[in-house]
Amino acid sequence: MADRATLEEAVRLQGERVRGLKQQKAGAELIEEEVAKLLKLKAQLGPDEGKQKFVLKTPKGTRDYNPRQMAVREKVFDVIISCFKRHGAEVIDTPVFELKETLTGKYGEDSKLIYDLKDQGGELLALRYDLTVPFARYLAMNKLTNIKRYHIAKVYRRDNPAMTRGRYREFYQCDFDIAGQFDPMIPDAECLKIICEILSALQLGDFLIKVNDRRILDGMFNVCGVPDSKFRTICSSVDKLDKMSWENVKNEMVEEKGLASEVADHIGAYVKQHGGVSLVEQLLQDPKLSQNKQALEGLGDLKLLFEYLTLFGIAEKASEEKVRTTETQVLVAAAQKKLLEERLKLVAELWDRGIKAELLYKKNPKLLTQLQYCEETGIPLVAIIGEQELKDGVIKLRCVASREEVDVRKENLVEEIRKRTSQYPATIC
Amino acid sequence: MADRATLEEAVRLQGERVRGLKQQKAGAELIEEEVAKLLKLKAQLGPDEGKQKFVLKTPKETLTGKYGEDSKLIYDLKDQGGELLALRYDLTVPFARYLAMNKLTNIKRYHIAKVYRRDNPAMTRGRYREFYQCDFDIAGQFDPMIPDAECLKIICEILSALQLGDFLIKVNDRRILDGMFNVCGVPDSKFRTICSSVDKLDKMSWENVKNEMVEEKGLASEVADHIGAYVKQHGGVSLVEQLLQDPKLSQNKQALEGLGDLKLLFEYLTLFGIAEKISFDLSLARGLDYYTGVIYEAVLLQSPTQQGEEALGVGSVAAGGRYDGLVGMFDPKGRKVPCVGLSIGVERIFSIVEQRMEASEEKVRTTETQVLVAAAQKKLLEERLKLVAELWDRGIKAELLYKKNPKLLTQLQYCEETGIPLVAIIGEQELKDGVIKLRCVASREEVDVRKENLVEEIRKRTSQYCIC
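Chains A and B, in that order, are what the protein sequence lines are.
Final position of the first sequence in the numbering used here is 429; the numbers increase by one with none missing.
Final position of the second sequence in the numbering used here is 468; the numbers increase by one with none missing.
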């Protein structure tokens, strides 16, 4: 109907208006008004959702993981989890949604990015935004006073997704936390050690871990003359120094946030500095900073931290692997027709002995087809059943890479397969 | 304000009314009415949460057509002005969507992830609103019944390896069911609803199921009796042969197809060595709408805490079947990709295993730490930090206490509490001698180990299952 078409067009336009306003970061009230208008329009469209064309896609900001991506992911998680376990961490899991009240008031400005669940007459729920608030809720609920735990799970943020830059609305977080009252800086040092171990093991190239302390920052702002009320906002400007030049950051602090130019210059003198433990020593001698109690605490802890980090050192690890999406060791194949029965029996025997094996789901596949399947999927061995071999009580074991074949007695087959697939990396046969 | 308090009370009472109606499984329209009233009341409470003054009717999800009656259990996300979203109800529909989107014609994949259902949770029976599903599916056009047989083989391997006791896999076929209903005289329009009654035979007696079919669903009593004669039957491949000879069933094309495939399936299952675990059971009628061929369900034969009880009502630990039409529903051109798969009921299995562990008082470790780096005297933190880092760098799972000068006893106790089997004790004298005392927590035996041999010793002692 013409009316419906007009309505659909109105919905589309209003939807774009809302998106535009959000991108321009227009005022919250204005956005709400326009969203309400959009919802009204949609409501008028009526309940025939079925009449709408079905669009085949994943929700905005999300994606499927295909087998190749999963294989990479599994390897990365293996490295990370091994490291966490090596350091004696337990693992927990929490529900993907929390009571809305648990998440309220914890994320400041970011609260508008939380995915709410529809009110369907029960508890008000929202999808978790990170793993830290759930962790705190878990500790409080169980009255725990200390735990060392890791938690790997997806979190949800209604952000502006930039999928090419790896910025999604649903994404993994990989957290490790030590909760409890301990002697200073030992657990802190272990966290840094873990980061080093993981980044080294993942072979991402050279890396650097920047360290600072909230108390040093606050002390520094204090001695530079930043008004208490501006601490957090000046802090977020300073944080941009890894993306913006000092001139631009200073400009933001002075022009946009109303900081005195002199004060900004004092900050500038400090924040340009970086170094090792010698910088800590130097700042401990700084006439102004050393008068500031907070800064002294922070500097003292950093000094202790550097001592422990020196004792910990950093190690190199190397591993090189080909990306397969399955772990199959051998394909059970047949050289001639009418050997399905024998293939089925043999593959079941291999499975029962814990061998990772496959067969093609065809009654009479060609040998070439079976060999090609192995090459495509990276299966290293083929166990070929043939009529003559059956009479002789042997099976031809073929190495896919080298194409060499050897007759193996049936009772020795499992042993042979294990031997040939145990050497690592996958240069076998 | 008094007005607000009254309003809040009204919201609370209305909320309880809604919950009550849902529990009694009142009519869908009545529930919707009362929910709408609730939302209106909440909206009146004020603008903080209730800016949503518009009571949208639950949109008909594209998922709705896939889940039949269960679609009311889907968790919707709030309409925040963008795409309308809902949490996944299972892993099968997302799989079909994935296949269609990527235009895949074949894949063998597993997927383990959580799914969400606004069910009536029964946490003691392992029934949650958020729970793991553990799916394995083979998609693609292949020669008949080979992948289907592999699915059953996999269920057997998993249930055996988990050591849950004896189990049985019931097998049936959608076409046999439909053919059976047809020859018994069930009107086409009642097929699905009669199917769901028959499915309850594992929890209810035949009398009650017949009563539901006749009294509640308006089936002729005679027809119900005919159904009864069939659904009481179960057996091996001989039952398949018998039904192939059944005068009525053998006239039904669908039933014949199903029976033929089951016969082939049993041949392959025999070759796989699992035929004796399989029972062809005519009362098996799985709930979901999308099965098109063979269906199966695995049940444990003995509830671990209730010995001697019949297999009735134990609940299944794995299930699945063939669903050839689902991907076609997503593909814009309606291209079909046949699929067969299985799902392992891990939550039930978790409950069973947890119960067992509690009963046996077995100590479960929550970490894999092999050795605690400890000190016998004070002021040895530096040495502990250095040694633990060396062990980590060699891949040994090690810990130390986060105390500068912990007492030896405290360190030993920590090992006993957390199950760490070894302690590497640094001492002043040992440092001079270039050795470390390696102590076995269980036996309390200590041995001096040269520093350069420590990693080797730790590996040796923790590789055997019973250490020291």
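Check each hint, because a few of them may be wrong.
To be verified - Using C-beta positions, here's what the derived DEER-type ranges look like: (1) I81(A) <-> K460(B): 47 to 53 Å; (2) S71(B) <-> Q372(A): 50 to 56 Å; (3) L204(A) <-> T366(B): 41 to 47 Å; (4) E452(B) <-> T310(A): 45 to 51 Å; (5) I81(A) <-> A10(B): 47 to 53 Å; (6) T366(B) <-> R63(A): 30 to 36 Å; (7) T326(A) <-> R356(B): 31 to 37 Å; (8) E130(B) <-> K410(A): 31 to 37 Å; (9) I195(A) <-> E276(B): 52 to 58 Å; (10) E445(B) <-> N412(A): 56 to 62 Å; (11) Q44(A) <-> G328(B): 52 to 58 Å; (12) E387(A) <-> R192(B): 38 to 44 Å; (13) E445(B) <-> L208(A): 43 to 49 Å.
Hint data in this document are derived by calculation from the structure and do not stem from the laboratory.
Glycine included, every Cβ here is placed at the ideal spot set by N, Cα and C.
For this session: Go through the numbered hints given earlier and state which of them the structure violates, listing their numbers in rising order.
Result: 1, 2, 3, 4, 8, 10, 11 and 12
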